[in-house]
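K.L.:
Full structure from sequences and hints, please.
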Amino acid sequence: MTKLALKVDNLSKTFTIGGGLLSKSRPGVRAVRPVSFEVPEGETLGVVGESGCGKSTFARMLVGLLEPTTGHIEIAGKALDNADPAAFGRLIQYMFQDPISSLNPRKTIRQIMEAPLRLLHGMDKPQRTARIAEIFASVNLREEFLDRYPHEFSGGQAQRIGIARALAAAPEIIILDEPVSALDVSVQAQVLNLMARLKKEFNLTYLFISHDLAVVEAVSDRIMVLYFGAVVEIGRAEDVFRAPKHPYTKLLADSAPVVGRALTAPESAAAELPDPLNPPRGCAFATRCPRATDECRANDPPLTQMGDSQFAACFHPLS
Amino acid sequence: MIAFFKLLFRNRLAAVGAVVLTVIVLMALAVPILPLKDPNLPHTAARFTPPFSEGYLLGADHLGRDQLSRLLWGTRTSLAVGAVAAFLAAFLGSAIGILSGYFGGRTDNILMRLIDMLMAFPYILLALAIVAALGTGLINALIAVAAVNIPFFARNIRGITVGLSHREFVDAARLAGKGHSRIILSEILPNVLPVIVIAMSTTVGWMILETAGLSFLGLGSQPPDSDLGSMLGLARAAFTTHPHTSIIPGVMIFLIVMSVNLLGDGVRDALDPRLRSGALSRPMAVTKVARNRTLPAAATPAPLLAVDDLETQFHVGERRYEAVGKVSLQVNPGECLGIIGESGSGKSVTALSLTGLVASPPGVITGGAVRLEGDDLLSANYETLRSIRGNRIAYIFQDPLSTLHPLYTVGDQLAEAIRCHAPVSRADAKSRALELMEAVRIPNAATRLSSYPHEMSGGMRQRVGIAMAMANDPDIIIADEPTTALDVTVQAQILSLLNDLRRERGLAIVFITHDFGVVAQLCDRVAVMYAGRIVEEGPTDAILATPAHPYTKRLIACVPELGGGRRELAAIPGLPPMVDDLPPGCHFAPRCDKATAECRVGYIALREGKQQRAVRCIHPEEDIA
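Taken in sequence, the protein lines are chains A and B.
Number 26 in my numbering belongs to position 10 of the first sequence; there are no gaps in the numbering.
Number 627 in my numbering belongs to position 325 of the second sequence; there are no gaps in the numbering.
No lab work stands behind these hints, which were simulated from the structure alone.
Each hint should be verified, as a subset may be incorrect.
To be verified - Pair by pair, the computed Cβ-Cβ distance ranges are:
# : chain 1 : residue 1 : chain 2 : residue 2 : range
1 : B       : Thr-602   : A       : Pro-292   : 57 to 65 angstroms
2 : A       : Gly-93    : B       : Arg-484   : 51 to 59 angstroms
3 : A       : Lys-19    : B       : Glu-620   : 53 to 61 angstroms
4 : A       : Thr-30    : B       : Gly-636   : 49 to 57 angstroms
Positions of the beta carbon are idealized from the N, C-alpha and C atoms, including for glycine.
P.N.:
Right, here's the structure in full:
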């Protein structure tokens, strides 16, 4: 049994509505329904889902930028229940989707790189300089970049600076939130391959969030599929899209444009996400699902084991 | 810094303001060392001496005090009070604004309601109340003027801070271990500082005026000292008999306030980054065309749309960005042509050049021809182009939320698009809009007609965008990354809709994308662009199966396909070249492993081969001849 890098228990987030000076806020949108899972050390867990499925809310809770409504997070055996980003920062880091806007336009790269070293690890000036040189060497960036400002870099370079900043905190886990979706295909692979190498070099665990199924499949050990704030399927990367159990996973796999496959709309035009302010009873996917029955519309299907390492939340799974 | 002053002085009025203000400030600073009479020494014999008299250049006031000396000392006081008040108001107001915007929630609510209370009183009443409570005196007037102006800063700065504090770099700083005070001081403040400076430069004149107002009412500076306001106040009684005593301080106030405001406006414009990049210069309705060569010969028979050797450049200062270099394309009815390329490859600029939609300045079409059924569009006048845009050639853009007007219902916008080109009644246009909504398979089309764009999902909005493009039965639709912003399940629906529409109506589609999967599913032919040039063109199946250009081959290899399992992905080392500094010869040569010395010199032509294929390469991967 390998060590667990991340253990999440019943994590959920409900955003409140209202809450002015005099009115009391009331619970509103359930962005993430209770989620539990474990990630062993050294694994890459892919997280896929469409816009509005709660991917980003989920990621922000894991790094302490957002306080969860319920649940516990345990990183490398340490419980982190308070939303203190600095405590989280040493264990888990976040790499942002937009490489340029995650860098303060009025700071040099050196100032950006020094912050985590000084504040999280209390390094003095010579130590910091040495460490930055080390990190920059491993992400293939030249040290002369250190005195430049963020707008002088291309997307691919800025994303590598983002990786360098995350590495500077020397975390156990890095959450990669759509790390390559802002990049061109020819550059995308450069960044992905670099991240794969760094993972080995620094013994990291990744949570790879993306809407690009093919990219997720190429880099992940296991994949978790989110729909409407809940996990609908989780399993080994090679199985999830090849032999999906949940009808939604199958819909996703069928929708991805693939060279050599004829163009067909996999579902009717009326299909839309349910209203998050007024969620339906039972399975959230039931309104779009060809296999839905009355049972699906009445009860929430629990995540159950199907096959040796695949779990799906469905009453009528695909075989 | 030098660039800032250059921009500032390009504005003539700001330059005048700067010169006048500098002279006044220098004079005010030099007052103690100038050989002036004592401003407070009365001299009854000289009462109301007119200006330009011996010993009294600007005359004397009702007590016979020297006006010149009093004016300069008064200016000194007024400037100092105005500047200090502006600084105080900016400091306190910005502090409140930053705290309120950064922390949000209850803090924001309470602080902003307090600011609202300050704003609820007419400013002069509020200032009077503060002076009444504190007692008269210049310092108290200063406090009153500063307090009255706090809300202006607090509101402005709060708005900016709210935007900034949700930016990703603030989250990143938090994860780097920074606390609230560090984030405010080192992340937020440097980004709002320019705004504070701008707000100060535009309000300092106003504050000088307000201080003068309070002094004029006798609530500011107390005798025998005086500032410009109290000089005016004292001269009021003699206004009709000896107007010079009030005109002189009046002119000074006017000069100060005008010069400060002119300079302030100039500073604001010069610091605004949008102005620096020329965004506010109004683009022309049609892209500027500056072709100095003879037009390339037209093909016969004329295809529906033919682009021949199109060249579009962006001229920014001395720089020439060659965004599109000698692009040739042909589209026939019912055909779907894909243009594929990475960002900066010139695919979108090509599409916009077709009907002169590239913003000018800085865009210039420097060569080539665009022919719609044989007629050159680039030499057409604006009216002709306008009747073609949307009517015969329609566009679908990436983000329908930014191309649809947020304040009109989608039904009204569709009806407007129809009535723009066809003389039909409002009712007919409405019913046609409904047909269009049904044609793009929007469920409950009749009720959706009265929805606003923000009430629809991304997929539904893009359907409206397609309906809009279809409104006048165009011959050609140019779709610029129409599905890039959409989820995969929605993308599949939109693509199959476009495919059906073209088969049903014989539409020609030019589909611009960066996604090979999309091209493979929808397009008959594809043109691959790299750094402004077409590097390869031909039937989609042939190019995907046997790419001839090394760039195409390696780009296809970079795209991960679903079902491949975990693997190392192929990458192309290096970056695409900047189009203002293109390498000679093949643009891809610096990144190509087959490149030889031959590849790096001279223009490499697009060579045609069998099966309508063409490739721009000396060492192609496949022999297509």
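K.L.:
Does each hint hold? Answer for all of them.
P.N.:
Right, here's what the structure says about each hint:
1. Thr-602(B) with Pro-292(A): 57 to 65 angstroms: For Thr-602(B) and Pro-292(A) the Cβ distance comes to about 59 angstroms; the hint holds.
2. Gly-93(A) with Arg-484(B): 51 to 59 angstroms: violated (29 angstroms)
3. Lys-19(A) with Glu-620(B): 53 to 61 angstroms: Between Lys-19(A) and Glu-620(B), where Cβ atoms are some 60 angstroms apart, the hint holds.
4. Thr-30(A) with Gly-636(B): 49 to 57 angstroms: holds (52 angstroms)
The structure fails to meet hint 2 from the earlier list, while all remaining hints are met.
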